[in-house]
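Colleague: As a plain string of letters, each chain reads:
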Amino acid sequence: MMTRRISNWASLDGAILRCAALLVPPAKRSDWLTEWRSELWYVLERCRHEGRRPVWDRNGILFCLGSFRDAAWVRCNDQSPDSSRHPWLRSPIRCLMVLTTLASVAAVFFFRSSGPLDTLLRASRGHREALFAHLLMIFVACVVLPATTSLALGEYPANPYSPARARRVRRWIFLGIKLSLIVMIVFCGTLDLAQIAGVPALQPHVALLGYILAFRWALIDQRRRCPVCLRLLANPVRIGRAGQTILEWSGTELVCTKGHGLLHLPEIATTYSAQRWLDLDASWSSLFLS
Amino acid sequence: MPAEPKLSHTAAMILQAIHCGCAYGYDIMDTTGLPSGTVYPALRRLEQDGQIRSHWERQSIADAGQRPARKYYKLTPSGKTTLEASHRRYPLLSKLAPTPGVKHQ
Numbered sequence: 001m002m003t004r005r006i007s008n009w010a011s012l013d014g015a016i017l018r019c020a021a022l023l024v025p026p027a028k029r030s031d032w033l034t035e036w037r038s039e040l041w042y043v044l045e046r047c048r049h050e051g052r053r054p055v056w057d058r059n060g061i062l063f064c065l066g067s068f069r070d071a072a073w074v075r076c077n078d079q080s081p082d083s084s085r086h087p088w089l090r091s092p093i094r095c096l097m098v099l100t101t102l103a104s105v106a107a108v109f110f111f112r113s114s115g116p117l118d119t120l121l122r123a124s125r126g127h128r129e130a131l132f133a134h135l136l137m138i139f140v141a142c143v144v145l146p147a148t149t150s151l152a153l154g155e156y157p158a159n160p161y162s163p164a165r166a167r168r169v170r171r172w173i174f175l176g177i178k179l180s181l182i183v184m185i186v187f188c189g190t191l192d193l194a195q196i197a198g199v200p201a202l203q204p205h206v207a208l209l210g211y212i213l214a215f216r217w218a219l220i221d222q223r224r225r226c227p228v229c230l231r232l233l234a235n236p237v238r239i240g241r242a243g244q245t246i247l248e249w250s251g252t253e254l255v256c257t258k259g260h261g262l263l264h265l266p267e268i269a270t271t272y273s274a275q276r277w278l279d280l281d282a283s284w285s286s287l288f289l290s
Numbered sequence: 001m002p003a004e005p006k007l008s009h010t011a012a013m014i015l016q017a018i019h020c021g022c023a024y025g026y027d028i029m030d031t032t033g034l035p036s037g038t039v040y041p042a043l044r045r046l047e048q049d050g051q052i053r054s055h056w057e058r059q060s061i062a063d064a065g066q067r068p069a070r071k072y073y074k075l076t077p078s079g080k081t082t083l084e085a086s087h088r089r090y091p092l093l094s095k096l097a098p099t100p101g102v103k104h105q
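Residue numbers (this note's numbering), protein chains in the order written: chain P, 1 to 290; chain E, 1 to 105.
Derived by calculation from the structure, the hints in this document are not laboratory data. Treat the hints with care, as some may be off.
[Stated by the list, open to error] With beta-carbon atoms standing in for the labels, derived distance ranges:
hint: 1; chain 1: E; residue 1: Lys-74; chain 2: P; residue 2: Asp-78; range: 22 to 30 Å
hint: 2; chain 1: P; residue 1: Thr-34; chain 2: E; residue 2: Gly-50; range: 32 to 40 Å
hint: 3; chain 1: E; residue 1: Ser-78; chain 2: P; residue 2: Thr-252; range: 32 to 40 Å
hint: 4; chain 1: P; residue 1: Asp-78; chain 2: E; residue 2: Arg-67; range: 25 to 33 Å
[What the hints assert, rightly or not] Simulated coverage check for chain E against chain P, where a stretch passes if three residues somewhere in it have a Cβ under 8 Å from a Cβ of chain P:
hint: 5; stretch: 20-26
hint: 6; stretch: 40-51
hint: 7; stretch: 69-76
Note that beta-carbon positions come from the ideal geometry of N, C-alpha and C, so glycine has one too.
Whenever a hint applies, use it, and build me the whole structure from the sequences.
Modeller: Laid out in structure tokens, this is it:
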């Protein structure tokens, strides 16, 4: 009731608080917002006692702007078990939505400004040559890629708990869409950046670097996903000590928050110690959130 | 012998304000003169470090006072020890609010 009263006559302050609340992890957001709204009430009450209008009051706005710092602190120091460093990439749908948004923004800038396209066409004497140049850079990036990360995609030996064929196909479709969007982001994005920076000559070099880093990220991201539900694995736990690599297993274990299994990541990948996936059957489900 | 806990001047001021009876965020802001962007993160850090603890006021009490429920902060035994150490480090700290327990009994 009190909160509704506040939001009625302090809509700008309320809007600032709601914006800041977006920074706070969802599990803590409601409590955080309640505290700030409660405290805001005192700031606005003082305004009324001093005969000032609480709406658009400088003190109220300054008070609310401080909430951004607090929200950022809460996000940086979030120690809840389900906290992830990249919540916007956690689910496969969300990951594709983020990539689609980035690709759309890059494409819109690209098609709105004909400058970089003209520059590219002039530099490479024709549209076909420009596309060929980018295809060549993609090829070079693929050649260089094994030097930067393993090419394995997290394919694990078949067992009774292995995901069905349809799910394996889904993983490949997910990877294919991800790579297509990445190519679009790098292609359009590097042309946009070249125009903004005013150095079109550097565009091919930046594009090559962009392709290598983007493909590397795509492979690492694919390996860190649950083979069943494609969500990012969470709760990393270090096992063993790096000095015991030869005698004992050491590395990191990650778990699927839906309870599909555990991923063992060796500290140093060798022929006898590769990334392993341990399937968990339904009897483990009670340990995980649904 | 454990090392003496050290706090920044800002955190020490907030601990002192809580010790003197300022029990919720706005009250602490009002007493210390610190901005909201400093006070609230500092309160969370102090709580995380076990120097203070917080609890929400009962809704019935807030309704009786015709105001929103407050989140109250209180010093822990560890916080009291830290504050004593801070008094030695910042001798003027006690001038912030020299009479503990005056407010919000």
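Colleague: Look at each hint and say if it fits the structure.
Modeller: The hints, checked one at a time:
In this structure the supplied range 22 to 30 Å holds for Lys-74 of chain E paired with Asp-78 of chain P, their Cβ-Cβ distance being about 24 Å. At roughly 23 Å, the beta carbons of Thr-34 of chain P and Gly-50 of chain E sit outside the given window of 32 to 40 Å. Between Ser-78 of chain E and Thr-252 of chain P the C-beta distance comes to about 33 Å, which sits within the given range of 32 to 40 Å. The beta-carbon spacing between Asp-78 of chain P and Arg-67 of chain E, approximately 30 Å, falls within the hinted interval of 25 to 33 Å.
Counting residues of the stretch 20-26 of chain E whose C-beta lies closer than 8 Å to any C-beta of chain P gives 3; at least three are required, and the coverage claim holds. Proximity of the stretch 40-51 of chain E to chain P, defined as three or more residues with a beta carbon under 8 Å from a beta carbon of that chain, is established by the 5 residues found. For the stretch 69-76 of chain E, the assignment as covered by chain P holds, since 3 residues bring a beta-carbon within under 8 Å of that chain's beta-carbons and 3 suffice.
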